[in-house]
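K.L.:
Protein chains in written order, with the numbering used here: chain C, 1 to 795; chain Z, 1001 to 1164.
What the hints contain is simulated information worked out from the structure, not anything from laboratory work.
One should not assume that every hint holds.
Distance windows between CB atoms, simulated [what the hints assert, rightly or not]:
#1 C:Glu138 <-> Z:Thr1152: 56 to 62 angstroms
#2 C:Glu628 <-> Z:Glu1122: 30 to 36 angstroms
#3 Z:Gln1141 <-> C:Lys780: 21 to 27 angstroms
#4 Z:Asn1052 <-> C:Arg234: 38 to 44 angstroms
#5 C:Ile160 <-> Z:Val1067: 21 to 27 angstroms
#6 Z:Thr1152 <-> C:Lys598: 53 to 59 angstroms
#7 C:Lys672 <-> Z:Asn1052: 54 to 60 angstroms
A quick note: this is a predicted structure, and the numbers were derived from the prediction, not measured.
Heads up, the beta-carbon is just placed ideally off N, CA and C, and yes, glycines get one too.
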Amino acid sequence: MTSKQTVSDAMTAHIETAGMDRREFFITTAAVGGTLVVGCGWPRRGDAVGVTTPAAPWYRESTIPEINAWIVIAPDDTVTIRISQTELGQGVWTACAMMISEELQCDWNKVRGEYASANRDAREEAPAWTLKNPAGPEPSPTDPRGGGGEGDLPATNERISWTGVYRRMTTNRSASVKGNLYFYQLAGAEARERLLLAAAERWDVPTSELTAKDSIITHATTGRTVRYGEVATRAAELEHPHPETITIKSAHEFTLMGTERKNLDVPLKVTGQAVYAIDVKVPGTLHACAKACPVWGGDVKSYDFDAIKEMPGVHSVVQFPKPDPGLVRGRHFSGGVAVVADSWWRAKTALDALPLEWEYPPYTHLNTENMQQALVESIDEPGRLVYQQGNLEDAMAQATSVVEASYDVPYLARARMEPGNATVLVTDDRVDIWIGDQSPQETRFSASQITGIPQEQVHIHSAHLGGGFGRYGNGPQAEHAVMVAKALKGQPVKMQWTREEDWSVGTTYRAMGVARLRAGLDADGYPIAMDIRAAADQTASSPHRSLVPPGYFFPNLRVTNHFADFHVPCGTRRATGSPSNVFFVESFIEELADAAGKDSYEYRRELISRNDFLFKDDWLQALDLVAEMSEWGTPLPEGWARGIAIDDRRYDREKPDVCTIAAMVCTVSVSKAGAIRLERVDVAFDEGFGFVNPLSVRKQIEGQVAWGWNDVMHQGFTVKDGRMEQNNFHDFPVSRMSEYPREVNIRFFKTNHWLEGVGEEAMSQIPPAIVNAVFRATGKRVRSLPLRKHDLSWA
Amino acid sequence: MPFPLTINGLQYVVDVEPETPLLWAIRDTLDLTGTKYGCGIGQCGACTVHVNGQAVRSCSIPVSAAVGTTITTIEGLSVDGTHPVQLAWKEFDAPQCGYCQSGMIMSAVALLQRTSAPTDDEIDSGVTNACRCGTYYRVRQAIHRAAALMSTPPAGSGGRNDDV
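Same shape as in the complex, but just chain C (with noise of 0.2 angstroms):
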C-alpha cells in the first residue's frame, strides 16, 4: 500500500460538466426536473436518510444517557440495541438484540435496533475487559463459553481493527454468532450490573438481594421492585468498579436464545418502510449512473461528453480511475464513467447515449473454453498440497480397482437483488457515505484513502442491504461512489449501478473450477487411497474448503489445489469453497458406491463408521436422521429418485473446528423428455449447543434450498472475448415460487458444539444431492454444472 496521500492522488477523478455552476444547475433543475405535488398529505420520504427503524439513531440528539456503547434505555423502558453486524436477510438484526438482551435480562416486547456507528468505532477503542474471549485466545469448539469462534479477535492489519468500540462489524464467514457472541454478552451483562448497581443504590441494599428479569429488579426480601426506565439514567452515571469480574452466561444457560423470535424488521418489509440505501435521498442529492470497462484491469480511452451535455438534467461526467486493489482485497476492477444527473434515470439514458470507447487490457482473447482448459491443465501440474495422510501412490498400486471422474463448475454470481449503490457527500474535512455494506470499517478506510480525510471523520450511515452473498460481491461500489463524489466536493450524490453494470462487472464472482478425483478401491468397493485434484482461478475463496477431513476414511489421501492465474475477480459468495468442493466429493462418493455396488447412504455410513474424528458421531447421527425423514430406501414412482449428501464446511485447520453438520435429501422427478422438478427436501441440520433465533435458521435453510437449486439447475456465467456474456435476469435465471419444492422437512439434531454457522452451511449438499437423484433417475452422471445444458431424457 502506498501512502495516503499518493493514493489520494491516483485516485482523483476527472470532470467536465454542463457548463452551470452550482447555482445555476439548481435554478434550471427546478425548472425542468422538479415535482409538482396536487393534492398534499401523502407522506413524503425525501430526507429519510439511510434508517431502517423509525429514527435517526447515529446523529440523535443524546437526551437519553447510554448505558454503554451498545445500550440505551429509555424513561418508558424501550431498549435500543446498537446492531454491528448488517442485516441482509440472515436475521442479524434480531439475533444480535437477542444475544444482547440475553444477558440484559430486559423485556424483550420493548427492544429495538440501530445500526452502530462505524465512526465512533473508529475514535473510541473497546473497553480492555471486554477484548478477552473468556473461552481463551483459541477456543476449542466444544468448551461452551463465549462462542468459539474467533477466540481474541487478533485480527487487525491496515485496513481493519477489530479493537474498536464496536470491535467485529464484518458480516462474513458466518460469524456473526460464533465470532461476535461473547462480547454481545458481556456488553449486555455490563449493563445489566450497572443497573443492579443504580437499584441497589436506591434502595441502600447490596446488589447480591437482587434479580433482574423482563426489564424490573426486584429486591425480593422487602418485594420492591424498580424498572429499568426508572435506573437508566443512574445507571449510565455508574461505573462499576469491577468490570473484569462480570461472567457471562455458557451455552447450557440461555433462556431467551433458542426461542422462536419473530424478526424486528419484518413489519418494516413488509409496508415499504424498510430503508435500503438505495431509497436514501440526502436533501440536493444528484444521481450519478457509473459504467466501468467490462474487461477488468481495462479503463476509459475516450468519451465525448459534447454528445450528451444538452440531453435532460445532465449536470456532467466524471470519469474516475481502476480502483486501487489495496482497497478492494486485491482484486483488479475497471477504471470507468459516471454521467450525473438530477434524476438517475437521466444519467442512465445520457450514460447510454455517452460515446465511450474502453482501453481493454490484454484479456480479450480469454473465453470460457481456454480459460477451461487451462485449469484441465494445471490439474496435471503438482500443485499446491492441501493435505496429505499415508502414501497415496504406494496404495494406489495395491488398488483392485481405480476409479476416476473430472468436473467442473462454472463462475457464479452472487446476484443480490439490490443494485451497487451508495450516496457520499465530501466536503473538505469530512466523509459521509449511506450505503448497505458488509464491512463499514473496510468502506471507511476505503473513503478515507481516496479522499485524503482521516477515518475519524468519515460517517457510514448503514442501511438494510437487499441481499448480500459476500462483502466483495457488493465490488467497489463504495470506492466508485467515494471517486465521483471527491470530484464533486461539497455535492451529495448518489452512485447506483444498473443491475447489468451489478451483475456482469462490479461484482466478484464464485470460481470457476475444475477438479480431477481418482480412487483406488479395494475388494469390497472402498478406497484405499484417494487423490483429490481442485482447480480454480488463483483468486479464488477457500480453494480447499470442504476438501480435508474429518469426513470420510481415506487412509491414504492427497489433497491438492491447482490454479490458472485469470484477471476475473473472484471472491466470498456464499459459503466459498464448499459449494464446489461438496459438488465434486459428493458425487464421486456416489459414483464409487456405484462401482461398489452398494447402496449409497449405506457406503457413506460405512465410511464415515470406519473414520476416527471428534465429530464422527455426529455425522453418523446427521445421515442417518435425513434417510430415516426421507423414507430412504423405500419406493417412488418412476421417474422419481432421490439423492443424498452430507457436508460440515470444514476448514483445512489441523485443529477441532467449529462447524455445522448437515445432511439432506433430495427428492426429484425427471419426465421422460428431460424436465426436472425438485419434489422434496429433508434436511437433518445440527443444532450444535443451540441456536440463537431457531426461526431464523428455518428461514435460512428454507432458503438455501432455492439457492442450491439455482446453482446446480439454472446458473452459469461464461466468459468470451475477456468478459461476462450474462447481466441479468434473463440470461443468469433466477427460480421463482414454480420450482420450489412444495414440501421442505427440516430437523435440528443437538450435538455439543458451538456451530461454524446456519447461513451457508446447509446449500453445498443440495447440488450433488440433486445430481445423485438425476443420476438414479435418468441413468445420465452429471459431471459439469449447470444441469440445464443437459439433455435428460430418458425412455
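The hints should help you fit chain Z onto chain C, whose structure is shown.
P.N.:
For chain Z alone, coordinates are given in the frame of chain C:
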C-alpha cells in the same frame, strides 16, 4: 413534460420525459421508495405495482402510458400494515432481506383479488416474482393464510397492528 398520475388515491403531476419508466417516477420523483428497482427489464418483479388493479412491472411501462389509470403501490395497501396479506406475511415472518417483498406482496394481492382461494398451481403461475433469498416456502403459506383471512369478515374495524 407534466403527466398527471393517480397513486394511492392522491393526484400528482410529475414533470419528466414521456418515456421515463413509471418506476422512476414513483421512486425518484415521488419518493415512494417501497417499490424497488431490480432488473429494469420486466423480469424480476421487484417493481410490481397495481395499475387498474392488475399487477404490473412498473419498470416496463412509460409514465405516459400510466396517465388516466389508478395506481397502487405498497405504501397504498394499508396505512398501518394491516392488509390481510401484510398480516399473513408477518405471521409467517416471510421476508428475509425484504428487497423483493413489496413486489411479491403486490403480486399476491392482485392474485387474491382475482382468485379468492388460489391453489398451489395458481400461486405458482400468479406470483412470478424473483426472490434471491428464497422465501418462497413462507410466501406460499402466507398467501394461503391471507386467502383465509380475506374470506372471513374482520372482527373489528380498523384493526391495530400489535405485531410491530
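K.L.:
Now, for every hint given, state plainly whether the structure supports it.
P.N.:
Here is how each hint holds up against the structure:
no., hint, in the structure
1, C:Glu138 <-> Z:Thr1152: 56 to 62 angstroms, "58 angstroms, holds"
2, C:Glu628 <-> Z:Glu1122: 30 to 36 angstroms, "34 angstroms, holds"
3, Z:Gln1141 <-> C:Lys780: 21 to 27 angstroms, "34 angstroms, violated"
4, Z:Asn1052 <-> C:Arg234: 38 to 44 angstroms, "60 angstroms, violated"
5, C:Ile160 <-> Z:Val1067: 21 to 27 angstroms, "52 angstroms, violated"
6, Z:Thr1152 <-> C:Lys598: 53 to 59 angstroms, "55 angstroms, holds"
7, C:Lys672 <-> Z:Asn1052: 54 to 60 angstroms, "43 angstroms, violated"
Hints 3, 4, 5, 7 from the list above are not met by this structure, while the remaining hints are.
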